[in-house]
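Order-wise, the sequence lines are chains A and B. If you read the first sequence in the numbering used here, its first letter stands for residue 1, the second for the next number, and so on. If you read the second sequence in the numbering used here, its first letter stands for residue 1, the second for the next number, and so on.
For the record, the hints were derived by calculation from the structure and aren't laboratory data. Since the structure is predicted, the reported quantities are computational estimates derived from the model, not experimental observations. Note that CB positions come from ideal geometry on N, CA and C, so glycine has one too. It is possible that part of the hints are untrue.
[Said to hold, decoys possible] Quick look at which bits of chain A chain B covers, simulated, 3 or more residues with Cβ under 8 Å:
| id | stretch |
| --- | --- |
| 1 | 50–62 |
| 2 | 89–102 |
| 3 | 121–128 |
| 4 | 189–198 |
| 5 | 358–372 |
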Amino acid sequence: MRRVALLAVLLAAPSAVAAQSSVYGVLGLGLPGRPVGIQARAMGGGIGAVDPASPVNPAAVVAFGGLSAVTTMTSVYRSYSAGAQAVSGLRDTRFPGAVLAGPVPGTQLTFALSYVGYADRTFDVQTSDTVVLRNEAVAVDDRARSIGGVVDVRAALGWNPRPRVWLGAAVHILSGSTREDVGRSFGDSAYASVAQTRFAGYSARGVSVGTLVTPANWLRIGLAARQDFRLNTTASLFGIGDMDLPFSVTAGALMVPAPAVRVGVTGTWARWSRADDDLAAFDGGSAFDTYDVGAGVELGGLLLGGMPVRLGARHSTLPFSPTDDQPSEVGFSGGTALIFAGGLAAIDLALERVRRDGAGVSERAWQISVGLRVRP
Amino acid sequence: MNGTGARVAGAARRGAAYGALLGALACQESLTAPGVCPDYCPTTEIAVHDTVVLAAVTRDSSYRGYRSSWQATRVQVTSAGDLLSHAVVRFIRFTPEFYGDDGSVLAIVSTDSFVVSLPVQARSVGDSTLALAVYRLPADIDTLSSLAALAPFFDDSMLLGTVRIPDSLVSDTVSLVVGSEGFPTLVEDSLVAAIGVAIRSDSAAFVELGTREGSEWSRLARYVTVKVGDSTEVRTDARDAYLDGSVAADLAAAPAEALVVGGLPSARSILRLVLPDAIVDSSDVVRATLILPLADTVRGAVGDTLWLRADGLLADVGGKSPFVPPDPRDTRGLVGVPVGSGDPIRLDITSLIRAWRGNEKNPRSLMLWLRDEAQAPVELRLWSSRNAAAAPSIWLTYVPLPGEGG
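Using the sequences plus the hints, can you model the full thing?
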């Protein structure tokens with residue numbers, strides 16, 4: 001029955017698609033995903049460096065303790081404005097991550113297999129123009145659509161040689177595809193419409209290492225480093241090609257000042273500027289280094305039924321821009337959890353309000369995330 | 001199932017239920033948005049190319065004998081000099097007697113009158129003197145009858161009467177009452193009657209009459225007096241057209257390097273196209289226009305329009321090539337050519353060329369023919385590829401497929 005429950009959880013996580021869409025997803029490789037679980041998401045990402053459900057620090061998988069499965073779903077409702085143009089009512093749903101983890105019997109090792117959205121390249125853009133055909137001006141309506149992105153599949157091993165020191169390493173396979181459609185319809189019915197489709201493929205590798213140190217019962221510190229290697233791209237309609245992926249470093253801490261109180265802060269720096277030359281060659285935009293800093297607090301048992309309250313805030317920058325102005329993102333989040341079976345299962349809920357600004361665009365989004373954790 | 005497993009299973013079910021509920025609420029996707037160009041529009045360009053392929057046609061040929069006027073759905077009666085055309089109709093044989101309600105034979109005492117009904121389906125406009133003159137023709141006319149052989153019968157001595165075509169008439173049946181003397185040899189002709197119809201007008205004009213192959217056709221009604229017991233009664237019966245068509249003057253020969261389309265019997269032309277594979281197979285052709293220079297001014301009834309069709313072939317076996325069945329919803333591949341025009345004909349063949357993309361089964365050939373074949377003694381004369389200075393050409397507008405240079 002435990003295996004059946006676990007299999008049901010895994011089957012509920014369909015094949016990987018990346019994280020939320022954004023108007024910034026048109027740029028470069030797309031909108032980078034956030035490799036955080038729902039608990040961490042509700043806490044602004046503040047516990048990302050130590051959270052086992054967040055595929056950031058491979059050493060953190062030791063915290064699973066037993067066989068565990070996690071799956072997540074996120075729905076996004078967003079709007080944006082660019083100059084005089086305002087667009088609202090955009091929405092989409094993604095399944096940005098899942099984790100399956102458990103101890104390696106007879107060892108001090110814990111394995112974890114996970115996927116998380118690495119970059120989302122989903123957009124659907126319509127434009128109108130006039131072209132001269134056969135010496136006559138003809139109105140045209142163009143559509144450029146991309147569905148898909150890049151997913152990070154991670155295989156991690158954690159090792160607890162000592163009770164307060166955990167080590168971990170992981171290999172990452174970045175893979176994905178986008179279905180790209182371009183179409184044009186003409187205002188003059190004498191011209192047949194154009195519809196072209198291509199499937200672009202992406203592949204890359206990466207490695208990460210990490211450590212978790214618990215110097216005191218109320219303090220846990222996490223540190224991780226990751227190197228992603230060159231991304232290979234095939235057959236894109238939209239001009240994207242091979243590009244260098246970043247090196248990144250994450251550091252964070254979790255503090256438990258009181259039995260039902262957890263406070264976390266995590267920061268990540270990623271060297272996306274490695275892709276600048278590649279981007280200039282095919283996209284004409286710029287790639288910048290990024291940082292992501294988040295903090296959050298969890299207050300246990302404050303709600304009916306002992307449900308915790310989670311709050312958080314974060315600030316980050318985005319890697320791609322059509323200009324020299326680097327966009328940034330601010331998020332405020334909250335959440336809770338429904339805990340069942342004495343903690344063997346739980347549903348985590350997170351609500352985020354995100355603001356992205358920069359390079360001529362302002363975007364606002366509400367993101368609703370649901371995660372299911374099972375420990376058979 | 002132990003207690004822990006039951007709790008986990010129950011938790012999984014509740015979790016799946018919550019997840020399904022939220023998924024149902026959030027499942028609708030709406031991503032379409034206007035582009036913020038150029039900064040937030042994907043880097044792609046739909047490059048539209050234009051080119052005229054001059055030597056696009058090769059091994060073009062004309063074939064005659066597809067349809068005669070006796071097989072047309074309408075016949076055109078014209079008054080123009082060298083395009084003179086008369087309609088001719090032979091009716092189904094009448095019976096020599098009538099039958100009473102009890103099945104008894106009723107002897108015909110006398111034939112009182114006839115009514116000739118002619119279905120007018122189109123006519124020229126602007127001539128208030130337009131009328132149809134109906135003549136009695138020999139009962140033995142057949143598909144080999146010619147204008148020259150029947151000319152003596154289109155004489156006032158054989159005139160049965162005239163029917164005026166009012167200006168307000170666009171499409172209707174007109175009738176002519178003919179006295180019993182109209183068909184004096186009806187009995188000798190084995191009760192078979194035949195008529196000819198000619199135009200009478202002060203200016204060039206035409207009228208189109210329906211035929212047996214169409215939706216309406218000519219009829220001849222007979223009114224007779226029959227003996228019923230000791231008295232007499234008037235009875236009537238009618239006969240439909242059995243054979244209807246037209247006789248017309250022979251057209252002058254077309255130039256040697258010309259293709260012909262139409263005429264009597266009708267001719268069709270096959271054009272074999274030579275187009276770059278990079279365009280046909282590796283591009284989205286958004287518009288293709290076949291340009292056909294005329295070898296002769298379009299001649300026909302004044303005010304008339306000839307409708308030229310182009311259809312693809314399932315196989316190219318010359319004159320007997322089968323068509324690709326045309327899509328009735330597709331209005332491409334058909335162009336109206338006004339009588340009197342001397343400009344090159346521009347025929348849209350976009351659908352035809354798009355159908356060839358990646359299709360190695362169908363030949364890259366098309367057949368030109370008149371939509372209203374054999375209805376009138378008119379034909380289009382087009383310069384063939386043998387006239388290098390005026391050969392047909394194709395104007396292509398296309399978008400190369402991704403990864404193709406175009």
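Verify the coverage statement for the stretch 358–372 of chain A against chain B, using a C-beta to C-beta distance below 8 Å and requiring 3 or more qualifying residues.
-> Result for this restraint: holds, n = 6.
Can you take a look at whether the stretch 89–102 of chain A is actually covered by chain B? Rule is 3+ residues, C-beta closer than 8 Å.
-> holds (count 5)
Chain B covers the stretch 50–62 of chain A, three or more CB atoms within 8 Å, holds or violated = violated (count 0)
Check whether three or more residues of the stretch 121–128 of chain A sit with their beta carbon closer than 8 Å to a beta carbon of chain B.
-> holds (count 6)
Coverage of the stretch 189–198 of chain A by chain B (three or more Cβ within 8 Å) | Answer holds; 8 residues pass the 8 Å Cβ test.
In summary, the one numbered hint that this structure violates is 1.
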